[in-house]
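Going down the list, the sequences are from chains A and B.
Here the numbering used here is used: the first residue of the first sequence is 7, the next is one more, and so on.
Here the numbering used here is used: the first residue of the second sequence is 49, the next is one more, and so on.
Since the hints were made in silico from the structure, they are not lab data.
Cβ atoms here follow ideal geometry from the backbone N, Cα and C, with glycine treated the same way.
Any given hint could turn out to be false.
[As the list claims (entries may be wrong)] Result set (EDC-like, lysine to aspartate or glutamate): computed pairs, CA atoms no more than 20 Å apart in a straight line:
| id | chain 1 | residue 1 | chain 2 | residue 2 |
| --- | --- | --- | --- | --- |
| 1 | A | Lys161 | A | Asp144 |
| 2 | A | Lys444 | A | Glu472 |
| 3 | A | Lys138 | B | Asp68 |
| 4 | A | Lys517 | B | Asp68 |
[As the list claims (entries may be wrong)] Derived list of chain B stretches under chain A, where covered just means 3 residues or more per stretch with a C-beta under 8 Å from a C-beta of chain A:
| id | stretch |
| --- | --- |
| 5 | 53–67 |
| 6 | 81–93 |
| 7 | 102–116 |
| 8 | 123–129 |
| 9 | 173–183 |
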Amino acid sequence: MNDMTQNNLERALKIVGTRPPRPDGVDKVTGRALFGSDKSLPNMLVGRVLRSPYAHAKIISIDTSKAEVLNGVKSIVTCADFEDFPSEFVPNGEMIVNLKDITRNIMAREKVLYVGHTVAAVAATSEDIAEKALGLIDIKYEVLPHVLEVEDAEKPDAPVLHEDMMTIGIEPSPKKASNVAKRVEFGFGDVEKGFAEADLIVEREFTTQQVHQGYIEPHACLASVSEDGQADLWCTTQGAFVVRNFCSKLLGLSAAQIKVTASEIGGGFGGKTVVYLEPLALALSRKSGRPVKMEMSRAEVFTSSGPTSGAKVWVKIGVKNDGRIIAGDCVLKYQAGAFQGAPVGPGAMCAFAPYDMVNVRAVGYDIVVNRPKVSAYRAPGGPISEYGVESVLDEIALKLEMDPIEIRLKNAAKEGTIAPYGPKLGPIGMIETLEAAKAHPHYSAPLGPNQGRGIASGFWFNIGGETSSSITINEDGTVGLTLGTTDIGGSRASMAMMASEELGVPMDLIKPVIGDTNSLGFNFLTGGSRATFSTGMTVVRSTREAIEELKKRAALLWEVDLNQVEWVDGHARLIAGDEPKTMSLAQIAKQAGKTGGPIMANCSMNVTGAGPSLGTHIVDVEVDTETGKVSIVRYTAIQDAGKAIHPAYVEGQMQGGAVQGIGWALNEEYIYNDKGELENTGFLDYRIPVCSDVPMIDTVIVEVPNPNHPYGVRGVGETPIIPPLAAISNAVSRATNIRFNELPLSPPKVLAKLMHG
Amino acid sequence: MSKTHVSTCINGDTHEFLCDTQNTLLDVLRHELDLTGSKEGCATGDCGACSVMLDDRLVCACLVLGVEADGKEIETIEGMSSGSELHPIQQKFIDLAALQCGICTPGVLVATKALLTKNKNPSEEEVRFWLAGNLCRCTGYDKIVRAVLEVAADMRNA
Chain A
7 MNDMTQNNLE RALKIVGTRP PRPDGVDKVT GRALFGSDKS LPNMLVGRVL
57 RSPYAHAKII SIDTSKAEVL NGVKSIVTCA DFEDFPSEFV PNGEMIVNLK
107 DITRNIMARE KVLYVGHTVA AVAATSEDIA EKALGLIDIK YEVLPHVLEV
157 EDAEKPDAPV LHEDMMTIGI EPSPKKASNV AKRVEFGFGD VEKGFAEADL
207 IVEREFTTQQ VHQGYIEPHA CLASVSEDGQ ADLWCTTQGA FVVRNFCSKL
257 LGLSAAQIKV TASEIGGGFG GKTVVYLEPL ALALSRKSGR PVKMEMSRAE
307 VFTSSGPTSG AKVWVKIGVK NDGRIIAGDC VLKYQAGAFQ GAPVGPGAMC
357 AFAPYDMVNV RAVGYDIVVN RPKVSAYRAP GGPISEYGVE SVLDEIALKL
407 EMDPIEIRLK NAAKEGTIAP YGPKLGPIGM IETLEAAKAH PHYSAPLGPN
457 QGRGIASGFW FNIGGETSSS ITINEDGTVG LTLGTTDIGG SRASMAMMAS
507 EELGVPMDLI KPVIGDTNSL GFNFLTGGSR ATFSTGMTVV RSTREAIEEL
557 KKRAALLWEV DLNQVEWVDG HARLIAGDEP KTMSLAQIAK QAGKTGGPIM
607 ANCSMNVTGA GPSLGTHIVD VEVDTETGKV SIVRYTAIQD AGKAIHPAYV
657 EGQMQGGAVQ GIGWALNEEY IYNDKGELEN TGFLDYRIPV CSDVPMIDTV
707 IVEVPNPNHP YGVRGVGETP IIPPLAAISN AVSRATNIRF NELPLSPPKV
757 LAKLMHG
Chain B
49 MSKTHVSTCI NGDTHEFLCD TQNTLLDVLR HELDLTGSKE GCATGDCGAC
99 SVMLDDRLVC ACLVLGVEAD GKEIETIEGM SSGSELHPIQ QKFIDLAALQ
149 CGICTPGVLV ATKALLTKNK NPSEEEVRFW LAGNLCRCTG YDKIVRAVLE
199 VAADMRNA
């Protein structure tokens, strides 16, 4: 029996580590690939959403009677069409969600909690009619005071969003409802004692603003529910199975009644891990008996989907004179949006995780405010907390006159380090990425006037989770892979490469497809940097099982014992015998009918053993002292990938994450007016980095293999968004000799500080 | 209100359609003609995912009315390859992994072809400013810019 868990870390590889063209490349460059809003069905209706104009209000009444009689309107749904749920927590990606909240987020019930909160949805024969119908729905509100910032939401007299919200994680349990959903704490040792022993202590407070994932494809779906209750849903999502499960609960359908097919996805970054339009479209379709297509406008994407938390972060670090950290403490207050679930847990866990800590404490608060409910955004929570820690560390390095890489090397976590969140770390690449940064020519290049160089590191756990996939050996010797995790950035290529490496047949004979929810067992979503790691694991194992079957068939044809057959380079080979005898995969496949039927294998598992990925970024900025504009002059991202299956797509993750981080650091922020209305609901005012804003992003892939994966994969997507925030802030601080503790470093904010200190 | 009859040439083929005056060219392409290769990322001309050529001019199809297309020549992503041959720009984007999710790719490719028609030897800066109207959230632009510079060199030497 082939060893299913055997690793290939020492083996010479032929395909893995090369840069072949991706299987879906041609469809994507010709416009053929179908995304969320690219599909239509006969007799289809158009669905539109009525959204709250108020940040916080009681719904007194909803009257849809005028809209219902408008010619062309086929169905209208409100909260009355959805079942209510008691409070129940279920995992979703790196976040925990509550069905009571989800049903209220997709459709407001007693109250609206943010501008843009859904209150009704209409399906009609045309977009115009649907829009007109929205205008005919009469909703009476009682407007309530609202709250947008965590420091206001915490006050005793703050407007309370949820009258039953008692803070979890505080002893004794509070008797009075508040906006603080929970308190979390991680750490060990005695921080007070540590600070008492410190030679130098730096303590700072930081502010970050709410930012959006900014995927270019708005949420979109197409639902069709037949008279017998069978539902077909096509949608842009990071997790078809997760959508199926949410929709089945929200609509009272069984899992078998809903088939979800993930379209090609136009970016997600965590924002397409939850449901918004999908249950509405299903409900509208069920009520009208016709297919319903729904798409969000860009403004709706900003006001009503995504974003991640804005936050207040307090960090205190104490060091000995030699730079050794003796104590680290932080308090994180993250905006959850209208419903609890800010990524403050992972934020607190990551905060000091790049370092080997002696005394450490990280406390986090999940605080509801009248903004859209946050969803995951690339390394959820990590960029915010690590921005604070990495900034303070930079200031300490300056005060000690130490090199910023040296102070990190001195404290770097390594194999055997106890992470601040509990476990003992396996092999990790913190030291290796720092050494690579130090050796990089960028690090010793001269700087010009008004320029500064910043360094920061980042840590992300990576995750495994429930995964299944299958492999079929076709009669003509080609191979099919059915995968259950959305391909968001080239994972079909990586999966085909791993199968090709195992089988020893060329990659172009292997066709990977993303299956719908009826084709495989449950797959958790693409997120947490788990797809290449987890689905890769199942692909390798099912491929090895298929190889076993191929060997059996060859043994049958040769009439020898199975142990007389080995698999080499895409061929079965007879071990004993006078002359070498081989049979190719295609030859065996052709005779499958005679030897027991079609050859296929599958693998289902709850994948464990994810390996954290560490990164260190170097950035040079130039500050225009007249305007406060910060330009990125040079950028280098260094990261431990474990093993880069397809290095070009690993670099792509590093580059894309770095540039999202640049946007977070320099430009991006949700701007609210005093009515709680978002004022920048388009790409013109919510300015993500454009091509002319950034230089080339140089990359160095470090490979410290994850021993738990057959090829050493860790997962790379999350980590690269973490270091840019602090690296850029540190660079600006060093360029100007003024410490900056607030993001974004937009021209007015930088200029104000240059002028007034 | 009655619809307007519009006659255009799209990717070399004659197309006639009826459209409401408020419909954009992008609405018409996507909903009337099923040419869904042009994408809608914003509908306000900020993202460039709907970039098409209108009488040899690079435009956002979401900022052009359908009725304005009357008598005009339009080229969309669907017309970029010829028969079974990819355009060298398309091939280069695949070879250099200059796309991840692919939603911005049609617009970027149309805009790149427009650039290389005007300027056969653009500098990195010229490429960056030309493509500043095409948002990409996945790649950080690095591999896109490299692909454009490399294919420009290939096409000059071809």
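To see whether the hints hold, each was checked on the structure:
{"no.": "1", "hint": "A:Lys161 x A:Asp144", "verdict": "34 Å, violated"}
{"no.": "2", "hint": "A:Lys444 x A:Glu472", "verdict": "39 Å, violated"}
{"no.": "3", "hint": "A:Lys138 x B:Asp68", "verdict": "16 Å, holds"}
{"no.": "4", "hint": "A:Lys517 x B:Asp68", "verdict": "43 Å, violated"}
{"no.": "5", "hint": "53–67", "verdict": "violated (count 0)"}
{"no.": "6", "hint": "81–93", "verdict": "holds (count 11)"}
{"no.": "7", "hint": "102–116", "verdict": "violated (count 0)"}
{"no.": "8", "hint": "123–129", "verdict": "holds (count 5)"}
{"no.": "9", "hint": "173–183", "verdict": "holds (count 9)"}
This entry does not satisfy hints 1, 2, 4, 5 and 7, going by the numbered hints stated previously.
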